Amino acid sequence: MVFDFDRLVVDDVSRHFGRRRALSRVSLTCGAGTILGLLGPNGAGKSTLLAILSTLIAPTSGQVRYGALDARSAGPMLRGRLGLLGHDLYLYPELTARENLEFFARLYGLDHPRERVDRALAHAGLDDRADDAVSGFSRGMRQRLALERALLHGPRLLLLDEPFTGLDDASGHALVSRLRGLRGEGAMIIAATHDLDLAEGLLDEVAILREGRLLAVPRSSGPLRERYRETITAAASVPAAAAGREERAR
Amino acid sequence: MKQFLRVAWVVMRKDLTVEMRSREIVYTTVFFAASCVLVFAFALVREGRPLEDASAGILWISIAFAGTLGLGRTFERERHTETLRALMLAPSDRPAIYVGKLLGILVLMAVVEAVLVPMVGLLFHAPIFARPHWLAALLAAGTLGFASVGTLFAAMLVRARSRDVLLPVLLYPITIPVIIAGVRGTAAIFQATPDEPMARFWVALLVFFDAVFVTLSLWTFEPLMTE
Amino acid sequence: MSRAFVPLVLIAMVLFASAPLVVANAPFEQTMGLVQKIFYYHVPSAMLMFVSALVCGIASAVYLFRRSAEADRVAVAAGELVVLFGLIVLVTGPLWARKAWGVWWEWDARLTSSLLLWMMFVAYLLVRRFGGPGSEKLAGAMALFGMANVPFVYVSVNYWRTLHPKTSVVMTLAPGMRGAFWFCVAAFAILYVLLLTLRKRLEDRRATVEQLYLAVGE
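Residue numbers (the numbering used here), protein chains in the order written: chain G, 27 to 276; chain A, 2 to 228; chain C, 1474 to 1691.
Think of the hints as simulated: they come from the structure by calculation, not from any bench.
Which stretches of chain G does chain A cover? Using the computed rule of at least three CB atoms under 8 angstroms from a CB of chain A, they are:
id : segment
1  : 82 to 89
2  : 95 to 104
3  : 130 to 136
Computed from a predicted structure; not experimentally measured. For each residue, glycine too, the CB sits at the ideal point set by N, CA and C.
The task is simple: from the sequences and hints, build the whole structure.
If you want it as structure tokens, here you go:
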């Protein structure tokens, strides 16, 4: 029995670490065949949200539903449908590229591990370096390998944390077309990124986070960079207004 | 069940492969254990000669210290690359990851003990071949008890502060029965006339300890590792 | 609990005020004399130390498996009381032992097990204090494992000394002493319940403050 879902619902999710509020009542939805961009300044809570969506962290309130089930009810099978490319690339530097991919293929219990690994290495353009230890790879090469690791099991929901970091121009565009291809196959992709130029034209939907809150995105049809700046500056004036309200209430 | 064992096996094989590339942990831990034995040999002296009755105690203390060091180093490696998170993302029962890690640690400790036991036998004239199967049973059951609790604590300390000192702080009180049983059992074997019923009692205690604490560890691994 | 609190405090005060009288009026033990009366504080403290360890272990299990924050607050309160009552036991014990056995310490099974249990819960508090974020779970595991470990510690320490004569701590209670003894047990038990409640309440208040801090940001 394979678990699958075609809709992701984030329902009023909050997460705090001690007194630090990382996410505050975030709600969004994402359907199959969509690329959602998660934008925002550093420390906005993008990585925390991705960690929650990947089931590594539990929200302190609110719920995330994958189809009809939440993480707890769906159990380990849910993780088989998720792929995460994190800040830290989750690669073993002592092992070769091939060994890294083979380990994860075996860990996930995938069939035809060798063929999958060969295909993944080809996608990453690392055929000739397949048997070299990852410790000798550049950041860009590791990024490409880590992406393939996240895609090895054909996940329904792909979570990417800064996927364009360290990629040169060609690799960046290759990644964009790869993501488009995956979208065509029905994957849900949520990518947190600072690279607004590459994201332009790739993203179907945009969610902008600031200080853990989801901001309303203006519907203007200008370039992504413009819309982003507008939203952030509009939000920056809001805390001042809220502080004013508190003063009057006292 | 098959999936559980497969995952544990894959994790263990990966750990051993990574270790074999540099062999850093094996070499340093074995050397550390050997140094421990020497330090104790020089410290516990009677009439200018090492105390031969102390051989059992010295063996087990060295195993405990070396084990703590090995546990810390192994999980430090995982922490460095954040790969423990990648393991937690796998679509398998999480306790299988624990078992895989535990098996890796057991292999490391077996290597350490393979060096320590002959060393103790040599330096303290301890009769390690008197009852080899009892000695092996004591070492196996005791190491499993120590490693089962140690693997769990070391895994959960990966994200904690002061993890280097907290591992022994937590581990040693819990594993005192293991040390007591190991030392008394080994001492019984090392006596002039080996006391087999005594050794059997201590092995039984250790096996019981292992059963309880491996089970507890399997139960608590998932709640402990999820934030 | 709040309604019973004040009456319990009053009862405890009365009990503790009259305890010295009760203890003084209890029969004098022939061999050890006055020092034997430490027994009336030592044993109830030991009983409560073990009870508290049990409470902490169970509360930690509930916290780990049911994710109940309230259970964690009970656990930390009980954990601190293990260390507190354990300290009483470990100080009064040697004071008594010096007179009874002539030495400050004996590697008797019961004493050693108590010392180890005490140390496990000191470790519990150390982890909570210095473990950084998420240390409540680590500490909870320590409490759970510590509680599960108690029988093993006792058995192994008991048989560790087979080559040495076993000295027993238990004394038979003469009839006149029983009244005083159970009086003290009752007094200490009420004290324990009060301390546990107060400490848990402190934690509850702390949790409320944290929630308020978070709510301010909303």
